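Peer 1: Just need the whole structure built from these sequences, with the hints factored in.
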Amino acid sequence: KAGVTQTPRYLIKTRGQQVTLSCSPISGHRSVSWYQQTPGQGLQFLFEYFSETQRNKGNFPGRFSGRQFSNSRSEMNVSTLELGDSALYLCASSLVRTSGTYEQYFGPGTRLTVT
Amino acid sequence: QKEVEQDPGPLSVPEGAIVSLNCTYSNSAFQYFMWYRQYSRKGPELLMYTYSSGNKEDGRFTAQVDKSSKYISLFIRDSQPSDSATYLCAMKGGTNAGKSTFGDGTTLTVKP
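Chains L and Z, in that order, are what the protein sequence lines are. Mind the numbering: the first sequence is residues 1 to 115 in this note's numbering, read in order. Mind the numbering: the second sequence is residues 1001 to 1112 in this note's numbering, read in order.
Simulated from the structure, these hints should not be mistaken for lab results. If a hint is listed, it holds; no wrong ones were tucked in.
Heads up, simulated DSS-like pairs for lysine-lysine below, C-alpha to C-alpha not over 25 Å straight-line:
#1 L/Lys57 to Z/Lys1042
#2 Z/Lys1070 to Z/Lys1056
#3 L/Lys13 to Z/Lys1042
Since this is a predicted model, take the numbers as computed values, not measurements.
Peer 2: This is how it looks when you write it as structure tokens:
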């Protein structure tokens, strides 16, 4: 089956601009989470969406927002970009099976560079 | 002080060795504990997902959680060169139950 896809894979933006990143989860997965990974701060949780509702949120400013559509695809938006927003943005889709087994798969990420 | 501290490494072992990767944490509300493997230029891969204290085994991997000591470990038996990667511990639970907090990662190299 197809994995988690993220578009675009690479992006270069200028300070002050805004950016929208897209994530398509694995078919049947209704939960999508977003993460930021940088060399200095490591991997940090941004937010999680389930059935179009934000279920959990990390400690990021309001410039970071997201949404989920009825087909479970998700987008995240960063407004008023800062140099420190340069990072690898990862999304993951997950599912808890009726057996109780938890599955989670990450996409390859979007590498955002802010100049 | 960080909520999750991970042994920094890097770690270099010969093929076939037993590898021990460790994390400590300070938040007693954490209930779910994960280990991820991340190859260079790839997204993380969930290796182990455990709830509360105890051991969980999956092939060559064993995860241990000791909530009383706030200490978790991942053991890799018969390590292979293909295990060379960065390993991240993560945990979640409490009031913001779905928010995962990650360690900084340990880079492992298994030499043939």
